[in-house]
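Protein chains in written order, with my numbering: chain A, 1 to 306; chain B, 1 to 270.
No lab work stands behind these hints, which were simulated from the structure alone. Quick caveat, the model's predicted, so the values are computed rather than measured. Check the hints yourself; a few may be wrong.
Pairwise CB distance ranges (calculated) [to be verified]:
no.	chain 1	residue 1	chain 2	residue 2	range
1	A	Leu283	B	Gly49	52 to 62 Å
2	B	Glu213	A	Arg163	24 to 34 Å
3	A	Leu64	B	Gly49	25 to 35 Å
4	B	Gly67	A	Leu297	43 to 53 Å
Even glycine gets a Cβ: it sits at the ideal position worked out from N, Cα and C.
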Amino acid sequence: MTQLLQQTITGALTGSVYAVVGLGLVVIAQATEIINFGQAAMGTFVTFIAWSLLLRLPYPAGFLLGTIVAFVVGALVERLVIRMVPEKERTGLNPLIVTLGLLFVFYGLTVGIYGGQPHPFPQPFAGPPIDLHGVHIGRASLYLFGVSLALVLALYLLFRHTRLGLVLRATAANRTAAELAGVPTDRMMMLAWGLGIACAGVAGMLLAQLLSLTPNMMDVVLVFAFAAAVVGGLDSMVGTLVGGVLLGVLQSLTGVYLGNVVRWLHLPFNIAQPQQYRDLIALVVIVVLLIVRPQGLFGRKRVVKL
Amino acid sequence: MSEKAGGEAGTSVCSRGEDRATASADGAHPMLRVRDLWVSYGKLRVLHGVNLEVKRHGVVALLGANGAGKSTLLRAISGLARPDAGSIEFEDESIVGQRPSSLVHRGLVHVPERRPLFADLTVEENLMVGAYSTRGRSAIATALERAFEYFPILKERSRQRAATLSGGEQQMLVIARALMASPRLLLLDEPSLGLAPLVVRDIYRIITRINREQGVAVLMAEPNVGIALSIADLGYVIETGTVMSVGSAAELRGSEQVRRSYLGQGAAST
């Protein structure tokens, strides 16, 4: 029982970071109708920059500066790369290929500049795990959860309760109408990319202090972030948060209990190392959800636009 | 068809004997001046050297069948379509190549056809987006108050999602949203599309009021000639991308050609 609780809590805490990366994807996808495959690579690149800053700066300053760098990188990529895709091609396959290109460019930049070896990342709250009646909660995980939750909340407030958020939502809903209403939609696109990559950067810094900093530490995270975003139908912030946490829990439980479940169901095979199947679960969730509920668990059913 | 409902706002203010667009007899500078405008979509040329003027506080109607190029002309003026050649001047400055949003800030607001609104946002949120170019809390509140004054039904519906509005209410919402930007020139594209005659009459009554009370100039594309000429000072008949004739509302109503081509059944039945 304690183990179940332990695994659930650990999973939920980790899952929050999937939600943050997923939210970044949602913000960008909503505003520009582009799925950014470069999200994780860009987040990792920025985390390396933050790491080099943190060699000289105290943690809060480095963290804040890292977030700002992420925002600027996102905005610049929109301005210098995404906007170069001809407007007519913006919704087709081309931008997808472009963001795949971003993945390789930023991965290459990271490895080229910083090398491939892992680095320890400073932890603001180092120390032994907190013991809650036999359930151990790592401080790094708890910190990751706290910041993730704060970020999700901040984004939610921005989008739901400010004029800027309203204008961003309007731009996402109908770009031409927003432009004709006086909204400089090109600037809104830059802003959305800035926010989206800021999410990826924060997620990268949180993960690096939990694991350690490597050029591909976020590769798998991107898949889980996609899954979380898909749970939210690629347009729901709450859905993405729930999706991320749910996936974290599912992943954590799979790693421990999959063998038992298989045995219990009398399936004709054995799972010797359930740990190896942890990541599979995200892919299964994406596929099943896309078939059963393409609009996501939380997304509103789309009316076909004529 | 019961479209002869017009006339209640009978406004043939200017009736000059001129037939060419370059006529601005009053000597006053026109607010909008389009000269020799050529526009194409891909390889298809839609406008072939259009000339047009809108005076300050004037109401100008673009008449002509579907596909004549009325919408394209409006789109070119508001920056949505890029002209191949020609000039567009708004308040004596060239505006070719400017983004639609920056033209909104300068007071030129385009209300496109098929009333595109933000379906998932509430009525009030839609209006607030329109107020993007308006700075200051009190200025926005004033603009909102004014929009609700012209369209009281929107106040009742302010918390409803825009998608739940009727067609007429949606048309009112897009005009009200344009009003939030405090325009000096309003481009209206087929505000009557798909609406019941009574609703159309209401909307045009409000447009006339906005023109008179706010001094907003109006350039509208309206295939319904009867109703368009009932509120316009001046009409341009556009056919296959060129201006066929220009005249005051009274002149155009009297013109045999316009009568035959556009008043159609309406004229035949009276």
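Hints, one by one, checked against the model:
With their beta carbons about 59 Å apart, leucine 283 of chain A and glycine 49 of chain B fall inside the hinted range of 52 to 62 Å. Our hint of 24 to 34 Å for glutamate 213 of chain B and arginine 163 of chain A holds, since their Cβ atoms are close to 27 Å apart. About 58 Å separates the C-beta atoms of leucine 64 of chain A and glycine 49 of chain B, a value inconsistent with the hinted range of 25 to 35 Å. As the Cβ distance of glycine 67 of chain B to leucine 297 of chain A is approximately 45 Å, the hint placing it in 43 to 53 Å holds.
Comparing the model with each numbered hint stated earlier shows that hint 3 is the single one that does not hold.
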